[in-house]
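Colleague: Please model the entire structure based on the sequences and the hints provided.
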Amino acid sequence: MASPAPPPLQTLDTAAPSLIHGGIFDAVHNASVRVPTFRSGTLSIELPPHVRPFDWNDFSTMRPQAQQDVDHSDVRVAPVSSTSQSDTSTFLPFSLAQPGSSIVADRSDTADADEQEDTGAASQPIDPTPKLFRCAQRVQMRKDSHDKPRRLLTLHPSGFLSVTMRGSLDLVEQASLRYTPLRTSAGDGARQLVEDACVLHGTHKRTVVIGRAGNNGQLSLVRIEDGKVREIGSFERRSQAEKKGGISAVCAMMQPGIFATGGYDHLVNLWTLPNEGNAPPTPSAPLAIKHSSAIHSILPVRDTSHKLLTGSADCSLAIYDLSSERTVNALKLSNPVYHVHGVESPFCALLELGHREFQFEVRDYRLVPETPALRFGYSNTKVHGRYTRVSLLNTTPLKGMSYHYLRFFGLVIYAENALQAHEREERLRENKIRREARIALARRGLVATETEIAKWKEERARAMEAAAAETAQAAKVQASASEQ
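The numbering of the sequence shown is full-length UniProt numbering, which starts it at 1 and goes up by one.
It is worth saying that the hints were derived from the structure and are not from the lab. One or more of the hints may lead you astray.
[Unchecked claim] Cross-link-like lysine-lysine pairs, in silico, PhoX-like; alpha carbons within 25 Å at most:
(1) K290 / K243
(2) K148 / K244
(3) K244 / K290
(4) K332 / K290
(5) K455 / K332
(6) K432 / K457
(7) K243 / K382
(8) K382 / K332
(9) K332 / K244
(10) K455 / K432
(11) K148 / K382
Modeller: Okay, structure coming up:
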């Protein structure tokens, strides 16, 4: 008796969904796919090898990408997974790979490639998984009990730093892929939970700013030097007495040595870190940004001037102009803002919201539209929380998210930009043809109606075909004469 057929495997539909013209893009993933969560477990980071920039055509035709060294200044994005005893896994992307270093990612694939060269590659089946996702090394990170990862930060020139909820710091250098536990959470510092962390730009490339909850030791600065942590100090931040203390968000500014902090007391401050010694950072007065709840995310942008975007739990996004020192715009949303990310356009921002179906929106913050430019997400029984954060993929013209099965949403955004550029070119070409038709018909004394323009286009097409045929015939005659 024939055995019953096995149940079909659940596969991820990676086809780029179509964009509905009219402003709103709605894409909800199938609820049967496991949704991302953020739980305790052993942190596992996969580092991709050097491959050429990702090409959507390679993925759409399901052909493997060739591995080659590319002189490219952009970073690569690797999926980061957190595994635990439960059956739930988390994928957190992170940009790590740098040009100039070699990573032999998957030796089994290399051996298979050698065998294919000997036996003939044509007889071997083609692996449909692109090299960008198939070849990777895995680094196991330690995971203490009652602790959770908070942030994965890029450290120049190569490597990354893991910051946990209890304040543990773990360093992985890309050159050797050596995992180094820099600091273990202990004492009073472990009681002050880490809310956010960032790495300063400019001359402070290895200075890490850590924001904590609570009323004491809200701000900590450490410097990573020679694989060791050097404490700069812990500093207090003035907060309103009647409100909850603690820092809920930190962000490095575009200017060297300057960072911004947002707190549970609804206030935003700018801090300046001197270059010399271990001098404490100097805070500014609270910025004129009005929020009625905790600050969840801060993003510096520059369009016509330097601005600061602040997202809050009060379902609002404030746009603060640093030069004029005033709030120039504010967007009211339907859900709390978890994170704010920059996109290709300097006038737009990608928002992560607390929503069960549409977790992501792209907003143009120059105006206050009733609907976002893009809106998409995945079906989930509950909101994913503000401690789960996406990463941006900045390779080639592609700029989007690489987060679990939301990996290809960025491709949709880029495809829409390419479609709009193609439509502009087609309009220019059509306008040029119609202008030539009106001139030609006017010389004949005819009115340039749509019917006459269509007839002129047909005549022009036949004339071009005849000219092309004559050119081909002349080339053929010339080739035969040269052979004789």
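Colleague: A separate judgement is required for each hint: does it hold in the structure or not?
Modeller: For each hint, the structure was consulted:
1. Under the criterion of a C-alpha separation no larger than 25 Å, the hint pairing K290 with K243 is consistent with the structure, at around 14 Å.
2. With a C-alpha separation of about 23 Å, the suggested pair K148 and K244 falls inside the 25 Å cut-off, and the hint holds.
3. The suggested pairing of K244 with K290 holds, with an alpha-carbon distance near 16 Å, which does not exceed 25 Å.
4. For the hint pairing K332 with K290, the CA-to-CA distance comes to about 13 Å; that is within 25 Å, so the pair holds.
5. Among the hinted pairs, K455 with K332 is inconsistent with the structure: their alpha-carbon atoms are about 53 Å apart, more than 25 Å.
6. The hinted pair formed by K432 and K457 meets the criterion: a straight-line CA distance of about 12 Å does not exceed 25 Å.
7. At most 25 Å may separate the alpha-carbon atoms for a hinted pair to count; K243 and K382 exceed this at roughly 28 Å.
8. The hinted pair formed by K382 and K332 meets the criterion: a straight-line CA distance of about 22 Å does not exceed 25 Å.
9. A threshold of 25 Å between alpha carbons decides the hint, and for K332 with K244 the separation of about 24 Å falls inside it, so the pair holds.
10. Between K455 and K432, the direct Cα distance comes to roughly 16 Å. Compliance with the 25 Å bound is thereby established for this hinted pair.
11. Our distance criterion of 25 Å between C-alpha atoms is met by K148 and K382, whose separation comes to about 19 Å.
Hints 5, 7, counting from the list given before, are not met by this structure.
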